[in-house]
Amino acid sequence: MPHTARDLSLDEAVGQLICPTLFGAQLGDRPYHAEAVALELERYGWGGYILFHGKAAATRERVAALQAVSRLPLLIAADMEHGAGQQIEGLSAFPPAMAFGAADAPDFAYQLGAWTAREALSVGVNWVFAPVADVTSNPLNPIISIRSFGGDPTRVAELVAAFVKGCQAHGALACAKHFPGHGDTATDSHTRLPAVIASRARLEAIEWPPFRSAIAADVASVMSAHLALPLLGIDAPATLSRAAMTGLLREELDFKGLIVSDALLMGAITTSASPAEAAVRAVAAGCDVLLMPPDPYAAHAGLVAAVEGGVLSEARVYEAAERVLEAKRRLDRSVSDAPEGEPQELARQVARRALTLAKGEQAGPLSKGMLVVGVDDGADPSRLDAWHRSLEAHGLARHTRVSRETTSQQWEALLQEAASAPGVLVGVFSPIRVSKDRSLLTEDLLEPLRAIARRVETTVLSFSSPFLVSQLPEAARWVLAFGAEPVQIEAAIDTLSRGLPLEGRLPVTLPTDVPPSPARAVDERPPTGPAFA
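Using this note's numbering, the first residue of the sequence shown is number 142, and each one after it goes up by one.
Because the hints were derived from the structure by calculation, they are not lab data. Be aware that one or more of the hints could be misleading.
To be verified - Quick list of the computed label-pair ranges, beta carbon to beta carbon:
#, residue 1, residue 2, range
1, Ala342, Pro652, 18 to 24 Å
2, Gly482, His540, 22 to 28 Å
3, Asp152, Asp473, 23 to 29 Å
4, Ala617, Arg646, 20 to 26 Å
5, Leu641, Gln485, 17 to 23 Å
6, Gly640, Asp473, 50 to 56 Å
7, Ser413, Glu183, 54 to 60 Å
Computed from a predicted model, the values in this text were never measured in an experiment. Each residue gets a CB set at the ideal place from its N, CA and C atoms; glycine is no exception.
Take these sequences, add in the hints, and give me the full structure.
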């Protein structure tokens, strides 16, 4: 490791600022990809990579091989907001952050950070892109939602700090995201630029307390958000704004650590700047690491040319490179003791304690003869499989699945069947997805569900956004799980089947109504690239 960044050439210093994408397939199934990655690393000397997906054994082996050929230690990052199993097959996946908010126990958030760090390090990932420090306040937010701990800034701040402490006490670097706050947007920055229409007073009161809490907990890094703050005169993406990255985060919030951009391949950036221009503007704004540039070679060349041409100061590049090196030195000083308990037990406890009665009265055990309707609004097939297995295991054999492809005739037949049932349980699976650009249900699904709820007593069990409650007031009862991990599905069905108490604390404020959803979903093709950072 160099004594200081000034021991590096300009070319090497620029390389340290760039963090390209690395897919698990490049590390495992096709060895020639691993060789190509190693050759590229030798040429450019990247500061690190963000890893998406992979199997544990192959990831561990190949990351170690990359570390061995790299001239400097690599920062290996991954989105692990709800555990290392979010990216790595064979490791633990926990409920999303909002379930931890509903479970209302900061120690659980600490243990989440601890186990995530422990398992991440076991496969060579040393930089955890979590926790989400955004405060969920906008029911129409299509990309944050249950990724956040909730809507109370004070409570979110407490849980964010707990995660940071747990993660970093167990050896990995944590990352609070997405500054200056992505919780009050109605647009997905993966597709276009959102704007947060908020005064400085509101930002100070709502959006920034979790980031201040993370900084007080000595968080190693903060990730930017690609959003505008027009009331503060920030009309460009905050990632590219010196007023946001340096003026607000570095100077006003007094953050001394590593500032990493959100992914530069996102639409909010690519629609306004070329890869080279975005790289130069982000570093000039105050970002130290450029995450997922769409063309890392162009970003590298653009930064070198900007320094040589006097557009970007050499001092700024070396300042950023020094922060990268300091983060790597910090890893050498980290402690990695084993967390308490077992990860599977933590996941089960949170899944059970998070279950929240958002509307209606506590009910007794589910009737075995009731009709169960699973709403598939772009659900992961593995989650639907887990749902069906759990229903069968608990004797709820009368179940069906509906989706946006369900015909009017099929809905009518289902309505007739519901009318003869002792009750209806509706399970809603509407996950967050890039390019979906919504978190609520569309009218083509809501209208027939309302008809069912008007005819027969209906309990809705939501594994998705808590704000769905306002869309279907006809339901007699709403139970929220805040995520659709298999452990949450089993906990929900088991709890309702046995009529056990629902112990969760509602972590957001539900509006009396929400703006109407589109009649039908439009152009919701699944993404071909990484999900989100």
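These are the hints, each one checked on the structure:
no.: 1; hint: Ala342 - Pro652: 18 to 24 Å; result: holds (22 Å)
no.: 2; hint: Gly482 - His540: 22 to 28 Å; result: violated (34 Å)
no.: 3; hint: Asp152 - Asp473: 23 to 29 Å; result: holds (25 Å)
no.: 4; hint: Ala617 - Arg646: 20 to 26 Å; result: holds (21 Å)
no.: 5; hint: Leu641 - Gln485: 17 to 23 Å; result: holds (20 Å)
no.: 6; hint: Gly640 - Asp473: 50 to 56 Å; result: holds (53 Å)
no.: 7; hint: Ser413 - Glu183: 54 to 60 Å; result: violated (33 Å)
Checked against the numbered hints given earlier, this structure breaks hints 2, 7; the rest are met.
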